[in-house]
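S.K.: Sequence:
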Amino acid sequence: MSTKPSSEETYGKNTSNEVSSARSQSSNEANFSMLMGNQPTDIVVVTADGRRFPVHKLVLFAQSKFFSESPELAKKGAVTEEIHLDFITSDVFSVVQEFMYSGTVSIKKTQEEEMKKLFSKLGIKIKPPNSI
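The C-terminal residue of the sequence shown carries number 912 in the working numbering, and the numbering is unbroken.
In case anyone wonders, no lab produced these hints; they're calculated from the structure. The model shown is predicted, which means the values in this text are computed figures rather than measured ones. Where is the CB? At the ideal position from N, CA and C, for every residue including glycine. Among these hints, one or two may not hold up.
[Stated by the list, open to error] Simulated DEER-style distance windows between Cβ atoms:
1) K837 <-> S874: 16 to 22 Å
2) E852 <-> K905: 31 to 37 Å
3) P820 <-> K896: 30 to 36 Å
4) K837 <-> K901: 16 to 22 Å
5) E861 <-> K905: 26 to 32 Å
[Claimed, not checked] Cross-link-like lysine to aspartate or glutamate pairs, in silico, DMTMM-like; alpha carbons within 25 Å at most:
6) K845 <-> D871
7) K888 <-> E861
8) K888 <-> E862
9) K889 <-> E862
10) K901 <-> E862
11) K905 <-> D822
12) K889 <-> E852
13) K888 <-> E852
14) K888 <-> D871
Please construct the entire structure, taking both the sequences and the accompanying hints into account.
M.R.: Written out as structure tokens, the structure is:
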């Protein structure tokens, strides 16, 4: 009996078909996951289609070279309340946000290359499927 390949790929940990964030083995992962939800945030990401994502600057800096090196965010003492991302839509950023907080995300196989390019642009490290 053969099984059909999945049309979705999980980015994260725990299965052989996944891509992991570089931090997936660290203790920070659980803490980032706990921040999602009702915890106060300190910045809002505004996507190209105008949707607003309240997030934690700590998570953006820890997970993304793009955000940690952003002149807008990196100024000491600067109170930046929002950052605009004209190159990303809300449906795509919601996937990125989920990955930055939890270390895993499921995407359709057809979106895999697009997501890899975006993760690269944002400086988010991932491991290819089946890597240890």
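S.K.: Identify every previously stated hint that the structure contradicts and give their numbers, smallest first.
M.R.: Of the numbered hints, 2, 7, 8, 9, 12 and 13 do not hold.
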